[in-house]
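For the sequence shown, the positions run 1 to 111 when the UniProt record's numbering is used.
Quick caveat, the hints were computed from the structure, so don't treat them as lab data.
Incorrect hints may appear among the rest.
[To be verified] Below, a list of computed lysine-lysine pairs in the DSBU-like style, where the Cα atoms sit at most 30 angstroms apart:
(1) 2 x 73
(2) 108 x 53
(3) 31 x 11
(4) 53 x 2
(5) 53 x 73
(6) 2 x 108
(7) 53 x 31
(8) 31 x 73
(9) 11 x 73
(10) 70 x 108
(11) 108 x 31
(12) 2 x 70
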Amino acid sequence: MKFNHIGIPTKGYFEEEIPLPSLHMTVSDHKNNPFGIQWQRYDEDAPYPEIVKTVAHVAFEVDNLEEALKDQKVIIEPNSPIEGLTVAFIEVHGAPVELMEVDRSICKEEI
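Please model the complete structure; the sequences and the hints are all you need to start from.
What follows is the structure, given as C-alpha cells:
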C-alpha cells in the first residue's frame, strides 16, 4: 500500500474548491500540499455512509483492490469515479479507509 491522501470532512468552505457534482461533493486538491490533505464537503443528498461524511479517512493506493478487500468490512463497494480509477471504502476500528486501484495507462488525472 502507498499513502495517497487524508480526506477531512467539513461543512465549511475552503480555498480553491473543486466541485464534483456527479459525486455530490466538493473537494480541495490534495496535491497542493506535501502531506496530501484534502478538505471535503458533502452535498445534503450525498449517498455515502454517515461515517464517511463525518470522520476523516486515510486513502491508500493498492495494486489489487479485489485482493485488498478480502476479509474487510466494506462500507462503499468498488466503483469508478473516473476512468482508470477504482475505489472502495472499508471500516477499520471505527474509521473509514479508502482503497484505490489506479491504472495509470488509462487514468488521465494525476492521482
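Here is what the structure says about each hint:
With a CA separation close to 20 angstroms, the supplied pair residue 2 and residue 73 stays within the 30 angstroms bound. A threshold of 30 angstroms between alpha carbons decides the hint, and for residue 108 with residue 53 the separation of about 27 angstroms falls inside it, so the pair holds. For the hint pairing residue 31 with residue 11, the CA-to-CA distance comes to about 21 angstroms; that is within 30 angstroms, so the pair holds. About 23 angstroms separates the Cα atoms of residue 53 and residue 2, which keeps this hinted pair within 30 angstroms; it holds.
Pair hint residue 53 plus residue 73 holds up; C-alpha atoms about 17 angstroms apart against a cutoff of 30 angstroms. Between residue 2 and residue 108 the alpha-carbon distance is near 19 angstroms, which keeps this suggested pair within the 30 angstroms criterion. A C-alpha spacing of about 21 angstroms is found between residue 53 and residue 31, which places the hinted pair at or below 30 angstroms, so the restraint holds. Distance check on the hinted pair: residue 31 and residue 73 sit about 28 angstroms apart at the alpha-carbon level, within 30 angstroms; holds.
For the hint linking residue 11 to residue 73, the alpha-carbon distance of about 27 angstroms falls within 30 angstroms, and the restraint holds. Between residue 70 and residue 108, the direct Cα distance comes to roughly 28 angstroms. Compliance with the 30 angstroms bound is thereby established for this hinted pair. With a C-alpha separation of about 15 angstroms, the suggested pair residue 108 and residue 31 falls inside the 30 angstroms cut-off, and the hint holds. Between the alpha carbons of residue 2 and residue 70 the distance comes to roughly 18 angstroms, so the proposed pair stays at or under 30 angstroms and holds.
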